[in-house]
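Construct all of the structure, not just a fragment, from the sequences and the given hints.
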Amino acid sequence: MIKKKEKPKTAVVQRRIPKSAEEWIFWIRRKGGGIFLSFLRYALIICIGQIILMPILKMVSATFMSPEEVGNPISTWIPGTFSTEHLVVAFTLLNYPKALVYTLLTTAGQVVLQVLSAAITGYSFARIRNKKLQKLFAIVILTIVVPPSVMMLPQYLFFRNFDIFGIIEAITGSPINLLGNPVTLYILDFCGMGLKSGLYIYIFRQFFRGLPRELEEAAHMDGCGFVQTLFRIIMPNAMPGIITVSVLSFVWNWNDTYYSNLFVGNRLNLMIKLNQVSGDMTNTLWGIHGKIPGDFFFEHTNMLYQNSILTSCSMLVILPLIVLFMFIQKRFVESASNAGIVG
Amino acid sequence: MENTKKKRKKPSSFYRRQDMWGVIMLIPWLIGTVLFFLMPLIRVIIFSFNEITLDLGAIHQKFVGLSNYIFVIRTHATFYQEIITTFAQAVPNTILIIFFSLFAAVLLNGKYKFRGAARVLFFLPIVLATDLIDVSLATVSLEGMGNDAATAVGGMTGAAMVVNFLIEGVGLPSEMIKIALDVISNVFETIKLSGVQTLIFLAGLQSVSPSMYEVAKMEGATTYETFWKVTLPTVSPLILTNLVYTITDNLMRTDLIDMIQTTAFGQAQYGYSAAMSVVFLGCTLVLIGVATAIVGKVVFYND
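Quick mapping for you: the protein sequence lines, in order, are chains H and Z.
Counting from 1329, one number per residue, gives the positions in the first sequence under my numbering.
Counting from 125, one number per residue, gives the positions in the second sequence under my numbering.
Read the hints as simulated data drawn from the structure, not as lab findings.
Think of the CB as a built atom: it goes at the ideal place given N, C-alpha and C, for glycine as much as any other residue.
Among the hints, erroneous ones may be present.
Okay, the calculated bits of chain H under chain Z, using three or more residues with CB under 8 Å as the criterion [unchecked claim]:
#, region
1, 1411 to 1423
2, 1474 to 1482
List time: in silico DSS-like cross-link candidates among lysine-lysine, alpha-carbon distance up to 27 Å [claimed, not checked]:
#, chain 1, residue 1, chain 2, residue 2
3, H, K1463, H, K1658
4, Z, K235, H, K1658
5, H, K1658, Z, K341
6, Z, K421, Z, K353
7, Z, K421, H, K1463
8, Z, K341, Z, K237
9, Z, K353, Z, K341
Here it is as structure tokens:
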């Protein structure tokens, strides 16, 4: 590290409180605009922050409100009596611990595959010198632009009759049905065709284009093989990109209902479960009435009660995301702004 | 002779090897593109000209020409309306989101206390962007508004009074007020959908070289001028990126997609569903093409 030159002392601007009236006027003229602007800035941030945070706070408040109190105009924000009934019912309804572990594991698998494939593809696109192959990048843009739902039916049929060049049919007599199996999502993710994979490839390509080629040349000089260079030199340098893409991928895969509904439909997935619960509150609630303690309010046909339960369920589903974000927010925000999305 | 040949080849071996590996690493993506993107796309187009029946996963096709399209556009009860509303809504939403995200990025880029906290706050919507949560949130926030209470008392709500004053007192045209009201009521939606765009703009703002600002300052430009002459041109290519992203993101979340899905898997009308998909895709591409063509003229490239 080169030592920074010490600044000459005269350059330090001293803050001075104006004394006379003339000085005050001068000071306000000079700084007034700045003060007004910063006031405006904080006001705006607080307003927008309130819009963003209010629904979450409302969710928390609705979760811990006792069921008798819901709809009572006196306690819209802070519950008069705290109760965990909504939480307990939502917990049972979602089969929470089991579903949480399942969803965490499958989503983590998807993230790893997606990041790996996007990084590798983005890296190739950044480094390849063949002009014809470079032009294939247009297809990546096309995959971002074309809504995946357009290809819903053929993809569905493809996994319905999954086969690799007729090999499986030759062995077992019929193609296998991969629907309902998370493997479908893994295959899609690995091939760079998962949820928003195109965007990740784009981000990685822009990022790797910003890395100097000399890095790899130096590694080559030092006798590093290609794979070794990739995992020892390139990937550690690509940390900002990897963090950005991992967070985005985790969040979007977690929140995704489209792919998981179409190809997996597993009821252990939290999002699908929530979808199913919100579709038919009365019956799903009645389905668990045996597991609910007798002293609970539990009016499974009451609209307000159903709403509170649904809110609690939603809170439980996004809770892991918020926890994750709390942990990673600093690095995420830093890396996202350095991820070289700009190129 | 052989020795010199070897020597000449050696410097380029690094690049040759890199090219080779580049192609090898592209293979999974190439397979994926062909199997899960290009082939499905072609198959959808073929399906849209056929009557499709599924029998235990086996597909029976019968060529029917354009009749699927004619049915979908002329006869289908809601598709025509739905597609027009979808695209008519996508345009103002996109413009709003772009403006808001640029604004938010500028806000987050300045230097002030609690900037870190502000950034966390603004990126929270990325984490929470899901439709299911909206459903429950919408009901919650409706409860919280207290509109019912105000109307029950018999008077107008504060908002209604302001609107009334603007129309009758100030004499503004009611259409203008309506547009403004739409914007205001969509504010949550706009903020929620602009997380990624803000991120992209912020990254862009960070990459503006400080020397540009120094020059502007030396030349005596005000903050306002610096924004229009330095900041905006440098991030303008990102407006294009964000535009494409916003349009596709907007269209991913519409009712139209549910309709396509239920037509296929709920009503087993695979041919109609395919035709709808193709129409939808066509409209999407046209919208993106037109938007990028318009914005592309304004964009400033430094290189």
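Please flag the earlier hints that this structure goes against, numbers listed from lowest up. 1, 3, 5
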